[in-house]
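Required output: the full structure, derived from the provided sequences and hints.
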Amino acid sequence: MIYVDNAATTALKPEVLDKMMPYLTSQYGNPSSIYDLGRQAKAAIEQARASVASVLGANANEVYFTGSGSEADNWAIKGMAHAAKGKHIITSAIEHHAVLHCFEYLAKNGFDVTYLPVDSHGIVNPDDLKAAIKPETGLISIMAANNEIGTIQPISQLAKIAHEGKIPFHTDAVQAFGHIPFNVSDLGVDAASVSAHKLGGPKGVGVLYIKRGTRIGQFMHGGAQEYGRRASTENVAGIVGFGHAAALAADGMEEKIKKVSSLRDSFITQVLNEIPKCRLNGHSKQRLPGNVNISFDYIEGESLLLLLDMKGIAASSGSACTSGSLDPSHVLLALGLPHETAHGSLRVSFSENNTMQEVDKIVKELVPIVARLREMSPLTE
Amino acid sequence: MIYVDNAATTALKPEVLDKMMPYLTSQYGNPSSIYDLGRQAKAAIEQARASVASVLGANANEVYFTGSGSEADNWAIKGMAHAAKGKHIITSAIEHHAVLHCFEYLAKNGFDVTYLPVDSHGIVNPDDLKAAIKPETGLISIMAANNEIGTIQPISQLAKIAHEGKIPFHTDAVQAFGHIPFNVSDLGVDAASVSAHKLGGPKGVGVLYIKRGTRIGQFMHGGAQEYGRRASTENVAGIVGFGHAAALAADGMEEKIKKVSSLRDSFITQVLNEIPKCRLNGHSKQRLPGNVNISFDYIEGESLLLLLDMKGIAASSGSACTSGSLDPSHVLLALGLPHETAHGSLRVSFSENNTMQEVDKIVKELVPIVARLREMSPLTE
Amino acid sequence: MLYSEKVMDHFANPHNMGEIEDANAIGEVGNKKCGDIMKIYMKIEDDIIKDVKFKTFGCGAAIATSSMATDLVKGKTIKEALELTNKAVVEALEGLPPVKMHCSVLAEEAIKSTIADYYKRQGIDPEPIVGTSKSCGDDCPCDE
Amino acid sequence: MLYSEKVMDHFANPHNMGEIEDANAIGEVGNKKCGDIMKIYMKIEDDIIKDVKFKTFGCGAAIATSSMATDLVKGKTIKEALELTNKAVVEALEGLPPVKMHCSVLAEEAIKSTIADYYKRQGIDPEPIVGTSKSCGDDCPCDE
Ligand SMILES: Cc1ncc(COP(=O)(O)O)c(C=O)c1O
Ligand SMILES: Cc1ncc(COP(=O)(O)O)c(C=O)c1O
Numbered sequence: 064m065i066y067v068d069n070a071a072t073t074a075l076k077p078e079v080l081d082k083m084m085p086y087l088t089s090q091y092g093n094p095s096s097i098y099d100l101g102r103q104a105k106a107a108i109e110q111a112r113a114s115v116a117s118v119l120g121a122n123a124n125e126v127y128f129t130g131s132g133s134e135a136d137n138w139a140i141k142g143m144a145h146a147a148k149g150k151h152i153i154t155s156a157i158e159h160h161a162v163l164h165c166f167e168y169l170a171k172n173g174f175d176v177t178y179l180p181v182d183s184h185g186i187v188n189p190d191d192l193k194a195a196i197k198p199e200t201g202l203i204s205i206m207a208a209n210n211e212i213g214t215i216q217p218i219s220q221l222a223k224i225a226h227e228g229k230i231p232f233h234t235d236a237v238q239a240f241g242h243i244p245f246n247v248s249d250l251g252v253d254a255a256s257v258s259a260h261k262l263g264g265p266k267g268v269g270v271l272y273i274k275r276g277t278r279i280g281q282f283m284h285g286g287a288q289e290y291g292r293r294a295s296t297e298n299v300a301g302i303v304g305f306g307h308a309a310a311l312a313a314d315g316m317e318e319k320i321k322k323v324s325s326l327r328d329s330f331i332t333q334v335l336n337e338i339p340k341c342r343l344n345g346h347s348k349q350r351l352p353g354n355v356n357i358s359f360d361y362i363e364g365e366s367l368l369l370l371l372d373m374k375g376i377a378a379s380s381g382s383a384c385t386s387g388s389l390d391p392s393h394v395l396l397a398l399g400l401p402h403e404t405a406h407g408s409l410r411v412s413f414s415e416n417n418t419m420q421e422v423d424k425i426v427k428e429l430v431p432i433v434a435r436l437r438e439m440s441p442l443t444e
Numbered sequence: 064m065i066y067v068d069n070a071a072t073t074a075l076k077p078e079v080l081d082k083m084m085p086y087l088t089s090q091y092g093n094p095s096s097i098y099d100l101g102r103q104a105k106a107a108i109e110q111a112r113a114s115v116a117s118v119l120g121a122n123a124n125e126v127y128f129t130g131s132g133s134e135a136d137n138w139a140i141k142g143m144a145h146a147a148k149g150k151h152i153i154t155s156a157i158e159h160h161a162v163l164h165c166f167e168y169l170a171k172n173g174f175d176v177t178y179l180p181v182d183s184h185g186i187v188n189p190d191d192l193k194a195a196i197k198p199e200t201g202l203i204s205i206m207a208a209n210n211e212i213g214t215i216q217p218i219s220q221l222a223k224i225a226h227e228g229k230i231p232f233h234t235d236a237v238q239a240f241g242h243i244p245f246n247v248s249d250l251g252v253d254a255a256s257v258s259a260h261k262l263g264g265p266k267g268v269g270v271l272y273i274k275r276g277t278r279i280g281q282f283m284h285g286g287a288q289e290y291g292r293r294a295s296t297e298n299v300a301g302i303v304g305f306g307h308a309a310a311l312a313a314d315g316m317e318e319k320i321k322k323v324s325s326l327r328d329s330f331i332t333q334v335l336n337e338i339p340k341c342r343l344n345g346h347s348k349q350r351l352p353g354n355v356n357i358s359f360d361y362i363e364g365e366s367l368l369l370l371l372d373m374k375g376i377a378a379s380s381g382s383a384c385t386s387g388s389l390d391p392s393h394v395l396l397a398l399g400l401p402h403e404t405a406h407g408s409l410r411v412s413f414s415e416n417n418t419m420q421e422v423d424k425i426v427k428e429l430v431p432i433v434a435r436l437r438e439m440s441p442l443t444e
Numbered sequence: 015m016l017y018s019e020k021v022m023d024h025f026a027n028p029h030n031m032g033e034i035e036d037a038n039a040i041g042e043v044g045n046k047k048c049g050d051i052m053k054i055y056m057k058i059e060d061d062i063i064k065d066v067k068f069k070t071f072g073c074g075a076a077i078a079t080s081s082m083a084t085d086l087v088k089g090k091t092i093k094e095a096l097e098l099t100n101k102a103v104v105e106a107l108e109g110l111p112p113v114k115m116h117c118s119v120l121a122e123e124a125i126k127s128t129i130a131d132y133y134k135r136q137g138i139d140p141e142p143i144v145g146t147s148k149s150c151g152d153d154c155p156c157d158e
Numbered sequence: 015m016l017y018s019e020k021v022m023d024h025f026a027n028p029h030n031m032g033e034i035e036d037a038n039a040i041g042e043v044g045n046k047k048c049g050d051i052m053k054i055y056m057k058i059e060d061d062i063i064k065d066v067k068f069k070t071f072g073c074g075a076a077i078a079t080s081s082m083a084t085d086l087v088k089g090k091t092i093k094e095a096l097e098l099t100n101k102a103v104v105e106a107l108e109g110l111p112p113v114k115m116h117c118s119v120l121a122e123e124a125i126k127s128t129i130a131d132y133y134k135r136q137g138i139d140p141e142p143i144v145g146t147s148k149s150c151g152d153d154c155p156c157d158e
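Chains as they are written, first to last, in my numbering: chain A, 64 to 444; chain B, 64 to 444; chain C, 15 to 158; chain D, 15 to 158.
Be aware that one or more of the hints could be misleading.
Derived pair list, reagent style EDC-like, types lysine to aspartate or glutamate, alpha-carbon separation capped at 16 Å [claimed, not checked]:
#: 1; chain 1: C; residue 1: Lys46; chain 2: A; residue 2: Asp360
#: 2; chain 1: A; residue 1: Lys229; chain 2: A; residue 2: Glu199
#: 3; chain 1: C; residue 1: Lys47; chain 2: A; residue 2: Asp360
#: 4; chain 1: B; residue 1: Lys150; chain 2: B; residue 2: Glu167
#: 5; chain 1: B; residue 1: Lys374; chain 2: A; residue 2: Asp99
#: 6; chain 1: D; residue 1: Lys134; chain 2: D; residue 2: Asp61
#: 7; chain 1: C; residue 1: Lys67; chain 2: A; residue 2: Glu438
#: 8; chain 1: C; residue 1: Lys46; chain 2: A; residue 2: Glu444
#: 9; chain 1: D; residue 1: Lys47; chain 2: B; residue 2: Asp360
#: 10; chain 1: B; residue 1: Lys374; chain 2: D; residue 2: Asp65
#: 11; chain 1: B; residue 1: Lys374; chain 2: B; residue 2: Asp423
Quick caveat, the hints were computed from the structure, so don't treat them as lab data.
See the structure below:
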């Protein structure tokens, strides 16, 4: 199998699993327990926290483990919006559903929401943000990098504008963290969501970075875990895995970016050369090293994926969360693409485990598949 | 080490880990993905769902995986309260903090809360519930079994009273599920929270059972996972582990109850015989098979635990979530115990992995430790 | 979302895919917004569907239902073809995931609308025979 | 919550635990509600703390700070003992977890209140010398 859906989820790195194993076997203590077994679990969590914090450029006591990236988004957005004085909140039109649906929920509950548009490459214009800010704006949340088209936003600029208006700034960094340099201090964000399973860590563990002093309500009520701010017996093995995955991701990142981008660029060039009537979605430079998103005229995404799957190629058509949904991608629509094109995009997301041979193989399989589906399509001109 | 803190968390069963391993290695697909690797992950989740459902006596499509027992409680209580017509909600005074703090949060947000008292054994009187119900009561949540004192509530009676008033009934069954027969259909509850790590499953995965037709708001917004009702990329390995742990827990439960209760009863008898001025908290019969909670006059819980730990015995002083807290147990206070006694209780919780030899050993170590702390205490008379 | 083997079979090797040059009935249903469009060509002689072919833009289920529906009406009389229900298509495919049921509805409608076209071309009002199509234009919501 | 080795040492083998039969100063601080009570006995001669012992109801940190605080004042002059701060106790113990800092405050207060008792027994108003105790009765909140 050729796995090129690393934006949906990544394989758990064997070295990460190794570090998790003690906590799946003999080290089963509850970190809140006072005895030795509990204290060891607690120490392991604190070590993982320090590791994630160091990669984020944060203090350890600003890093809170959650049960997923989505939970981090829900906590940040609902918690910060409810703690804000104003009832106007701003986000972008191309956020992940974990952010977008929180905003929609808040919109139904008395908040006034502005969805910033993006240009045809998927970039938020800082001037649009400036223009959207009102005296009663209480929260701005704009994703660091998009999960479908890989566009990287000018976060430090956007955060600066937010702070000029004394408005807290959150960013969904689930796709950015561990893939491109992402330093909360350099960027100046007040809160950031990340998720372990996007960078070789386990599924079911996320982090919300909360800058000290940021006003945010509680999301998960209960026990006193995570400095009393996120209840639940800790997923010790998962947290330990996240800590190690973050450290591994940071290690030699520049080299990995080079390698992965070269796979990406070769794939893009080959496809655009060999297949007519297709276009690259997103920005040509401001994009995640592993992300490719290409629309093919006249064909629909799911059929493409199923035929690729039959050739042993695992790719995606945008966000994994919405497969099974009938709606076209809200991200592609925001770029201004017509509906039928928004249904037909292919997302290929590379990791450092992929090779140039795989790139060539995917192109080789893709060409006849696209041709065949076009032959089948009543839209083909 | 003698581990007798199984109410805080349990060791992950090796057979459960075995079933999880594929999903921590080669089977890393995102269950929302359309290709083979994703479909296999999806199928594994559905199998786990069916397994938990069958132990719960529910339909598979009434079982929703969450990131913890606490999340299940937060979802149920906030989601059902907000979906209710009335603004009056009822719970008991001895709930776990995951429930209690949700009610306190709702109380601060416009809800009127009744906390039902318990008798000196920790049992809620159904007549008290009947009397507390008002026309505007919108939710009743009473735990199935208490985590500190092991008391088992008359859930089926309480749920019946709720339904006579057409009020939805939720129960926190985190301590009950997998330890005593707990069948949502027999009991007639509308929602129930459970957590995998209390029954030999992994930490960081829970379930909320929601009876079909129950009105409940969304808690985790985002992707379309869990029938569109709980966003987040699924913790596949954790979910698979939960499914298997539930099946194992149900298997031969009666035998295990007999075994574990006999450890419990022997420990209680020995301690009450050999140590003066102590009392068993909770009900003598209506209690979880593994739970012992004993107060020792004149001494404080933490010191007791630390000295036991030095002898290789891992026990607890009530809820693990609140260790590190300065407050005495709200559960023991609700029984009517004085403050200094509420600080000094010992919770020992047995599992089927414990032995009678261990029981004897704990008693042998406990006697001089209690004597020593009493010698050190200015309260000793 | 799991497709049955039968669905995958018809998706991977669809029957009756293509156009009929001298078709005397053509129907098209679905819309671009929803991402499913089915176009059906028929050659009808003596009230019998001698040949039928399809072109489909859509997901795996859309292609599989097109394949199965055309299979089910090929060689049948118009009357028999009009009795085809989406349920029959689903059953023949050994089930469809719930979110994909609308594809089978689309397939049923595609057959009907093609037969309607046949009547129209002969100056016969198809409505009393075929009924009103549930199929909708570009503005209808995608969920049925 | 992790205790330092030093804390665990003093907790497991507390120094100066017990009573002094012929103490000429006894102080008690803390309350049952908070779960920490420290009682200190002193034998003071010529303004020098010849002997000191304690009894404590409380957590590991309460016992360890009692042990350390009594160690630190034993053999010292009253003046030196009054200079003992909770910070010094914490440092000598190589740190305390944040939620346990109040135990060190309690230990400082226990020493002061015992010395206050010494003056009171001699009919001297301790307040100008010892200061007002921060220690509170049964109704004070447990968090400081
Ligand atoms: C009764 C009860 N409810 C809820 C919880 C919370 O479960 P979790 O730790 O999985 O969040 C626990 C245990 O911690 C519990 O004992
Ligand atoms: C940008 C973005 N935000 C949030 C999430 C949600 O993360 P998780 O699946 O861990 O809940 C994802 C991926 O699923 C994502 O790509």
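Results for each hint:
The hinted pair formed by Lys46 of chain C and Asp360 of chain A meets the criterion: a straight-line CA distance of about 12 Å does not exceed 16 Å. A distance of roughly 11 Å separates the Cα atoms of Lys229 of chain A and Glu199 of chain A; the hinted pair therefore holds under the 16 Å criterion. With a CA separation close to 14 Å, the supplied pair Lys47 of chain C and Asp360 of chain A stays within the 16 Å bound. Annotation: proposed proximity of Lys150 of chain B to Glu167 of chain B holds, straight-line Cα distance about 13 Å (limit 16 Å).
Pair hint Lys374 of chain B plus Asp99 of chain A holds up; C-alpha atoms about 11 Å apart against a cutoff of 16 Å. Taking the CA atoms of Lys134 of chain D and Asp61 of chain D, the gap is about 14 Å. The hint holds against a cut of 16 Å. Only pairs whose Cα atoms come within 16 Å are accepted, and Lys67 of chain C paired with Glu438 of chain A is accepted, the gap being roughly 13 Å. Between Lys46 of chain C and Glu444 of chain A the alpha-carbon distance is near 15 Å, which keeps this suggested pair within the 16 Å criterion.
The hinted pair formed by Lys47 of chain D and Asp360 of chain B meets the criterion: a straight-line CA distance of about 14 Å does not exceed 16 Å. Straight-line distance between C-alpha atoms of Lys374 of chain B and Asp65 of chain D comes to about 32 Å, which puts the hinted pair past the 16 Å bound. Distance restraint check for Lys374 of chain B and Asp423 of chain B: the Cα-Cα separation of roughly 13 Å lies within the 16 Å cut-off, and the hinted pair is therefore satisfied.
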